[in-house]
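Assemble the complex: chain A is given as a structure, and chain B must be docked to it using the hints.
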Amino acid sequence: MKKSFLRMTILALAGGVSAFAAAPQYVLSYIVNGNQSALTTGVILPPTAVGTTSTATVVVFNQGDGDGAINGVTGSGGVFQVTGLPTFPATVKTNSNVTFIVSFTPTSSGQASGSLTINFDTGAQVIALSGQGTGVSFTVQNITSPPATTISANGTLAFPATPLGNSASMTLSVTNTSAAAESLQLAITPPTNFALNGVTQLNLNPNDTKTFFVVFTPAAIGPLTAQLQIGANFTINLAGTGQGSNLTFSPVTNGVILFPNTAVGSTAAVTLTITNTGNIAATVTSVGIPASAFSITGTLPLPLGLPPGGTATIGLLFTPNAVGALTSTLVIDSKTFGLQGVGSAPAPLPGISFTGVGDTAAPLQQPTVGLQLAAPYPQDLTGTLTLTFAPGSFADDQTIQFASGGRTVNFKIPANTTGAVFGQAGQVQFSSGTVAGVITFTPAFAVGSVNVTPSPVPVKTVQIAASAPVLRSLQLGTQTATSFELLITGYSTSRSVSGLQLNFTPSAGSTLSATSIPVNSDSAFSSWYQTAASQTVGSQFTASLTINLNGNGNAVQSVSVTASNAQGASNPVSVNLQ
Amino acid sequence: MKLLALVLTLGCALNAATNSWIPITGVVVDPVNQSLRPIQGLPGASLLGPALNLPFAVNRAVVLGKNVAIAIDATDSGQAWLVTGLLSGDIAANPLQGAIAGTDRIATNDAGSVAVLYSKSNSQLQFVSGLPGSASVSDPISLAGIPGTVGAIAVSDDGGWALIGVSDSDSGSGAVYRVGPATNNQLLTLTTLGDPRAIVLKSGQDAVIADYASDQVFLVRDVIGAQERTPLVDGSGGVSGPIALLILPDQSMLIANAGSQTIGRVDPVTMQMSTIPMNGVPDRFEKLLQPGVYALNQPGGAPLLLLDASSDLNVVFVPQER
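Going down the list, the protein sequences come from chains A and B. Letter 331 of the first sequence, counting from 1, is numbered 331 in this note's numbering, and no numbers are missing. Position in the second sequence counted from 1, then plus 1000, gives you this note's numbering.
Treat the hints as calculated values from the structure; they're not laboratory data. Owing to the predicted nature of the structure, the values given are computational and were not obtained by experimental measurement. Keep in mind that a hint or two might mislead.
[Stated by the list, open to error] Just so you have them, the derived chain B footprint on chain A, three or more residues with Cβ under 8 Å:
#1 153 to 163
#2 386 to 399
[Claimed, not checked] Label pairs and their calculated CB-CB ranges:
#3 A:Thr511 / B:Ile1224: 45 to 51 Å
#4 A:Gly392 / B:Gln1205: 50 to 56 Å
#5 B:Ala1226 / A:Leu476: 38 to 44 Å
#6 B:Ser1310 / A:Ala465: 52 to 58 Å
#7 A:Thr277 / B:Arg1322: 53 to 59 Å
#8 B:Ala1226 / A:Ser558: 38 to 44 Å
[What the hints assert, rightly or not] Anything over 10 Å on all C-beta distances counts as not near chain A; from chain B, calculated:
#9 Ala1074
#10 Pro1095
#11 Arg1221
#12 Gln1272
By construction, the Cβ of each residue, glycine as well, lies at the ideal position given by its N, Cα and C atoms.
Next up, chain A with everything else stripped away, as it sits in the complex (with noise of 0.2 Å):
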């Protein structure tokens, strides 16, 4: 059918065709928008708007009576393509035709004109080219910088790199070619990154040139595009690079750098890892974490440069001193992360045994006590030893203390040793005292703060045994012409004292009616017991006894005491009075 078309609208191709051999008779046409014409004057492309492109097929068909060929087709350029040319040499073959396309886009308003040569097997043939730009009356240059450059349809406009958070913007101008009024509506697709300084519409008299401006403020990195529209056919592609850094951390999820599950006291690392992203170099100034569980391991040599595509590793520690969920946060310069992990129940402790110190101990002794693991625990720990008294007469003796003072003494067992260590020795001196009674000794261990004390808890007990008293001094206090102080200074673990025994020793040459004297002291030394003050050293006292004299004074040699109480009788102690 389409053929039989051809066949009807061929023209006669004049050419040196001898009437009486077999040789190809050449009709040329063409098509646009389906409409087929001959080609007389030549190929004429249908009015086209300025940026778009219309095309012709043109149509060689021989309807001579032999084949022919053709050996080349050359187009003058410019607006004017070729396209969709044969394999050449093309043979035509009679009755048949071959085909090609001739396109147009014009870029600016106004008659175009160009040309075509088919160089046939039988001679070279020209055929015009026409068309009609459409729609475009004005001309765009880019005047930022001298010298001023035209910007065609669908050309670019290339901006410098800007740095995120800046901005750069190009002149452009545009003028009215055309002998009428134009309105031209301007718009950027998609308006991010570039913008228009405001100008939307450039209305122009004949020969106006109008101004505006296109910003170009990259919200991201890398390459950036779109596309200025000015009226209705021109558009011209801009073009820019987002400059900045970018750090990625990992590992991070969803803001939150998780920890492993970690027994207390014990430690987990995580390496956070910053890269740079970006396409200019990166400088991180401060890292941190407020004082937790959670820590950074060593000193980080800040600022921490990063070039663009460059690593830095933070190392994070995790170390809970509680059970439970912890967490905490990291802050690099403005970025907040969470850090997250869970502290589980640390291991129970081995056994646990007290050292130095014997199941009894005398009063006014300082022995020493240790606590011993049997086995070396794997975290630091740390405790209170509690000293407390029961004492067997109801009172308190506030002597019994530690050396460091008080009833409780911390420790520390350092991580995989077995021996508590008390500031720095190994075991702590306390006072026994001097009242009778029991001194026990409780242990509380904890890894940070987790209490690991063991059920039931392991004490240590010390006897100090009900006892009869002890003398440590007799003084002489005040003395008279007819009488003398002694003070008598000791102690008894029961808080009884329930008599005491003079004897005198009489100058030589002299005689006493009386050498040996017993003296109830009971009362007095019960109601010394009760008071306050006596148990600020437990048993302890300094009785004082008047010894009133009738006769010469000078007739004592020396006397000396003895106390008891229901366990017995003390030591003596004397004082000469001569």
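Same frame as chain A, now just chain B:
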């Protein structure tokens, strides 16, 4: 029959509000609270008692007996005070008229009747006699002519002279001088050595001197006569930073070794030294009220340590206060 009758009455009128039956081991300076404080209780079971009520902050003091002390106030003037009634409940303090200012060191004779005051800032030495009841100060003795600092003083029994150990850190040398009324206040060189930190008199006119610089202890016999110097014990025998000396009644000698934190006991016959370790640095043998008991340091950053030499040598602590 010179004594016809002996009648005894128990004079123990107790008042629940008083501490009169609390044994007092001694009275020491508490440098933290700048006060004098009694040690309540016997060695081995004692506590620091409440500060004595004095009208000044105490910088240093020497207790002369149960009820008397010379104390130096902690102000810039460093006024010397005579404090009486220490433990009797009627404590009183009176400026020691005529005493030099800024006393840095006080020493007394054994009887406590004569004291020697030393002021480093004034380079002066002063004798105070007639203690405790009739205190009388001598004219100050200038030490401006000798370089260095007095690090040790020992006062003769009669108070007529004192031995002073002077060391000069610039030259690294030192000497012991005899000075006092008996020398017309003239400084008489007894011996030279590196850094005399402790001097104790023995048998009246012999002196035992510790040289801190060389870890040596010397005996100088007859300090007012022949002055014969004999080495007693040194570092090879365990002396380490000797800083205080004490002669016990059995004539054995105690050395406070600050370097090794030990108390050394030198046998008077064999001159061999045995040591008692202690948990602290000894810097003195300060005689306390209980016979045979000495303070080895001052309370404060560490427990107060006492040497109980009443029978066996025993170092005990007074619990540290928190």
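request  = Kindly indicate which numbered hints from before are broken by the structure, ordering the numbers from low to high.
outcome  = Violated hints: 1, 6; rest satisfied.
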